Amino acid sequence: RKEVEQDPGPFNVPEGATVAFNCTYSNSASQSFFWYRQDCRKEPKLLMSVYSSGNEDGRFTAQLNRASQYISLLIRDSKLSDSATYLCVVNQGGKLIFGQGTELSVKP
Amino acid sequence: ETGVTQTPRHLVMGMTNKKSLKCEQHLGHNAMYWYKQSAKKPLELMFVYNFKEQTENNSVPSRFSPECPNSSHLFLHLHTLQPEDSALYLCASSQAGSVRSPLHFGNGTRLTVT
Numbered sequence: 001r002k003e004v005e006q007d008p009g010p011f012n013v014p015e016g017a018t019v020a021f022n023c024t025y026s027n028s029a030s031q032s033f034f035w036y037r038q039d040c041r042k043e044p045k046l047l048m049s050v051y052s053s054g055n056e057d058g059r060f061t062a063q064l065n066r067a068s069q070y071i072s073l074l075i076r077d078s079k080l081s082d083s084a085t086y087l088c089v090v091n092q093g094g095k096l097i098f099g100q101g102t103e104l105s106v107k108p
Numbered sequence: 001e002t003g004v005t006q007t008p009r010h011l012v013m014g015m016t017n018k019k020s021l022k023c024e025q026h027l028g029h030n031a032m033y034w035y036k037q038s039a040k041k042p043l044e045l046m047f048v049y050n051f052k053e054q055t056e057n058n059s060v061p062s063r064f065s066p067e068c069p070n071s072s073h074l075f076l077h078l079h080t081l082q083p084e085d086s087a088l089y090l091c092a093s094s095q096a097g098s099v100r101s102p103l104h105f106g107n108g109t110r111l112t113v114t
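If you're matching them up, the sequences are chains A and B in order.
Numbering-wise (this note's numbering), the first sequence opens with residue 1 and increments by one.
Numbering-wise (this note's numbering), the second sequence opens with residue 1 and increments by one.
Some hints here could point you the wrong way.
Here are some chain B residues pointing at chain A (derived, C-beta under 7 Å) [claimed, not checked]:
hint, residue
1, Ala39
2, Lys40
3, Pro42
4, Met46
5, Ala87
6, Leu90
7, Val99
8, Leu103
9, Phe105
10, Thr112
It should be emphasised that the hints constitute simulated quantities derived from the structure, not laboratory data.
Remember, predicted model here, so these are calculated numbers, not experimental data.
Positions of the beta carbon are idealized from the N, C-alpha and C atoms, including for glycine.
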């Protein structure tokens with residue numbers, strides 16, 4: 001089992017749609033969690049840190065379920081500019097482990 | 001504006017060349033990283049430095065040689081590379097010891113080995 005595993009994608013959605021990505025992690029002692037966004041041929045950029053109670057930033061909502069060992073990212077009212085690869089990152093004992101990424105394509 | 005700067009942005013080198021990638025962070029972080037990202041593949045961690053000391057070498061071939069003279073600067077020295085080493089090389093920094101500290105990436109060096 002991979003340490004961090006994401007929905008394989010790609011996700012193709014129309015503008016205005018709501019889309020959700022899941023990410024599972026294998027180490028129950030994982031300490032912190034992040035979502036990054038990576039545009040084609042560019043560096044990953046931090047989208048959100050994920051807090052235990054769940055957190056929201058505009059159209060983006062992140063949730064953590066420690067019992068089931070997964071985190072999720074919900075994007076509401078998708079925009080064309082949301083098209084990117086979304087990376088789940090888990091801090092395991094000070095080591096940041098990346099998922100393989102989920103590609104999102106928002107179409108007009 | 002990113003607090004992590006990498007140079008050069010693009011590099012083309014032959015298999016017999018020697019070149020170096022440079023990274024500088026202005027965020028006051030104490031940990032720096034090199035990642036490799038090949039086309040359509042996930043990020044691969046190469047090296048980690050905490051407080052200038054190398055704490056991780058992820059089975060990277062010796063043709064890649066990192067150097068961390070201080071906690072703000074990181075280099076990756078390249079020699080006798082292979083075409084399969086062509087990739088995007090990303091530098092990142094974070095605050096070691098803080099579990100909530102995310103990685104901050106530079107904009108990368110796109111390397112092509114001919």
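Evaluated hints:
1. Taken as an interface hint, B:Ala39 does not check out: its beta carbon lies about 9 Å from the nearest beta carbon of chain A, beyond 7 Å.
2. Taking 7 Å as the C-beta contact cut-off toward chain A, the hint placing B:Lys40 at the interface is violated, the least distance being around 10 Å.
3. Proximity of B:Pro42 to chain A holds as hinted, the smallest CB-CB distance being about 4 Å (cut-off 7 Å).
4. For B:Met46, the suggested interface contact is broken, since its CB lies about 13 Å from the closest CB of chain A, more than 7 Å.
5. Checking B:Ala87 against chain A: minimum C-beta separation of about 11 Å lies over 7 Å; hint violated.
6. Given the 7 Å rule on beta carbons, the hint for B:Leu90 holds: about 6 Å separates it from the nearest Cβ of chain A.
7. The closest approach between the C-beta of B:Val99 and any C-beta of chain A is roughly 4 Å, which is under the 7 Å cut-off, so the hint is satisfied.
8. At its closest, the beta carbon of B:Leu103 sits 6 Å from a beta carbon of chain A; the interface hint therefore holds under the 7 Å criterion.
9. With its C-beta approaching chain A no nearer than about 4 Å, B:Phe105 sits inside the 7 Å limit, and its interface hint holds.
10. Taking 7 Å as the C-beta contact cut-off toward chain A, the hint placing B:Thr112 at the interface is violated, the least distance being around 13 Å.
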